[in-house]
Amino acid sequence: MSGTYLGMPAFPKAAHEAVHNTTLRGNLRHATHTIRAKRANAVAEMSDWAELREAGKQIKDHTLRHLDRYLVRLEESVQAAGGTVHWAADADEANRIVTYLVKATGESEVVKVKSMATQEIGLNEALEAEGIAAYETDLAELIVQLGKDRPSHILVPAIHRNRGEIRDIFAREMSEWGRPAPEGLTDTPAELAEAARLHLREKFLRAKVGISGANFMVAETGTLVVVESEGNGRMCLTLPETLISVVGIEKIVPTWRDLEVFLQTLPRSSTAERMNPYTSTWTGTTDEDGPQTFHLVLIDNGRTDTLADEVGRQALRCIRCSACLNVCPVYERAGGHAYGSVYPGPIGAILSPQLRGTGSEIDSSLPYASSLCGACYEVCPVAIDIPEVLVHLRERVAQGGPVTERGDKVVLKPAKGHAAERAAMRAARWAFGHPGVLRTGQRLASRTRRFHPRTLPGPGRAWSASRDLPALPAEPFRDWWQRTNGGKETGK
Amino acid sequence: MRVALFLTCVNDTLYPDTGRAVVKLLTRLGVDVDFPMGQTCCGQAHYNTGYRQEAEPLARQFSDVFREYEAIVTPSGSCGAMVRELYPRMGERARAEGRGDTLARTLAPVVPKTYELTEFLVDVLGVTDVGAYYPHKVTYHPTCHGLRSLGLGERPRRLLQAVKGLELVELPGADECCGFGGTFAVKNADVSAAMGLDKVRNAESTGAEVLCAADNSCLMHLGGTMTRLRTDLRPVHIAEILASTEEEPLK
Ligand code: SF4
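In order, the protein sequence lines correspond to chains A and B. Under the numbering used here, read the first sequence as residues 1 to 492, first letter to last. Under the numbering used here, read the second sequence as residues 1001 to 1251, first letter to last.
Just so you know, not all the hints are guaranteed correct.
[As the list claims (entries may be wrong)] Have a look at the derived ranges for each label pair, beta carbon to beta carbon:
(1) A:E273 to B:T1227: 41 to 51 Å
(2) A:R443 to B:P1036: 10 to 20 Å
(3) B:P1036 to A:W256: 55 to 65 Å
(4) A:A445 to B:V1127: 49 to 59 Å
None of these hints come from the bench; they were simulated from the model. Predicted model only: the values in this text are computed from it and were never measured. Backbone N, C-alpha and C fix where the C-beta goes; we use that ideal spot for every residue, glycine too.
Next up, chain A with everything else stripped away, as it sits in the complex (with noise of 0.2 Å):
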């Protein structure tokens, strides 16, 4: 994945700052409750939803079980239709192909509709080391990059950013980029976007070269498909000469028929609207009308490894809707940065350290950045059972074990600094195992009650540092039964 982010800190440090970022919360905070109730209300007004989520689930788990030969369907669809195919393994690979092929056009500019892919790859960090500028042109992409900034949101990137810090990026680093911002620009919403229509205009009439993602690709007719809500895209995707559309290997489908499903879930997901205003779709090339060369680099980049394993394979489904960043809680408090990938929130939390592995501080961390409520599953419009997935991940992290690593078995050992949890964790089980040992323990504590401190040393401070400990009782319950005779004799 992108090296933007190689190096961050483990979770806890990263979300720390977050936490006590007042402006960041505010920001987060009214954001994400806005999306929330949206969310709800669009949703419930779908009486099949419930069958709307498994069909989602069922066609993308029939899909990536046989997507070998959906693939191999995709490529034919792709080159019969006039487009040109290319496989990239990681992203350098991804990246080497797509420098290449912007470069046998001449051209060192490029137009970008918005896409996690080529963000996933950092395809704009290497664009623009081999000279070629890339323009984002979705609004809020187009607010990060000017910003010199990172996404933190998968639909809304700028998502902590307010208006007052928008109007300052745009005012301040429009001109660096091309036409500058209007005299005296304000923050009122209708501003900034004429500010940024105009900023962009210029890029999509002068652009030889437009790069996509795809939110869907159709294996029998070789289409892909790409749902937004500003237009942008569309622009690019038409305008160009040469279109370059960069796609993660999971985002097939089998037929025109399955999008059906997505269709419906995916907008009422992600921006709470009916309907996505804007779904371009475009197969291979047609004569005299739209690009007139057409690229599909299919990047796997940790994929088939994750599709290898069992319980994690299910985070391969996500359609990127973002409603799990928006209902949970810890995203809320964290920000998108925390998670330091792409992907935030809870799908982040279970993708990142799958695509890159748990060898990092921050991707061994991830799995443990949630509370496990479970609010992430119960929106996800394929169901994928995040909580699942996030103990299936920590059990690698704390255990070790088997997983698949550019295709071959390998076994994990357990990560650093799990030694002294792990003994913990043994000595409870071994205490739990033998109830009289418990027994003394909790006799002991009891009686030793009065030296008890309301805090903690060690790694426990941290809780304690918030939260007093609760006083401990006199007597254990057990030993009350006991003493009692379950209540039924002597004292209550």
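Based on these hints, arrange chain B with the ligand on the given structure of chain A.
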């Protein structure tokens, strides 16, 4: 009816009052309650922290201790969810790992017989008015595992509404997690504390005297936040409210 009380290790050690309340309440409703001494912990903390290997023997032990009873009642949504939702999953995982059906077969008998307290009252005993008296203003926090894993729904609220003298007020953002999450409270203390604080503030905004829930772990986290804030709000387990009567009111 002879049922076993599964009190959970947290309640046994830290909240014996909740256990006594369950015994008092069920006895009042004509249930013969037993507390099998061999019980300890369901293994949830181990399982959820990534120590499934350590959780498995605890699950087996749970099954050995409880399998002969007609019903197993627990005053904890999350430990109830551990047995009902995660024991079957542990069985499936063992099978997927080529270890056969032994674990699944061992755990199967206790799974459908395990009930969270409010579920047991409403679904098995068929009562919503348990004859309780508790003249206080109360707000109810559903807790995540009770709400989403067990689907307790309106049961706890219906029980509370039937309590004489009790005024139930809606908690804003009731569905939101309190931030406890077991080891999450330690591993991600900042986020956890921020979540707890918001929950307590929401509860305070209702003007209630009591924040009630069906899980002492969540209440421990919230109670710890409350004492730090020196608020007048106090945490009370639903079993203690339901056990309270005019003759023997809960202090
Ligand atoms: S995991 Fe589910 S809810 Fe989250 S972004 Fe993916 S599809 Fe949406």
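Hints, verified against the model:
no. : hint                          : in the structure
1   : A:E273 to B:T1227: 41 to 51 Å : 45 Å, holds
2   : A:R443 to B:P1036: 10 to 20 Å : 19 Å, holds
3   : B:P1036 to A:W256: 55 to 65 Å : 59 Å, holds
4   : A:A445 to B:V1127: 49 to 59 Å : 36 Å, violated
This entry does not satisfy hint 4, going by the numbered hints stated previously; all others are met.
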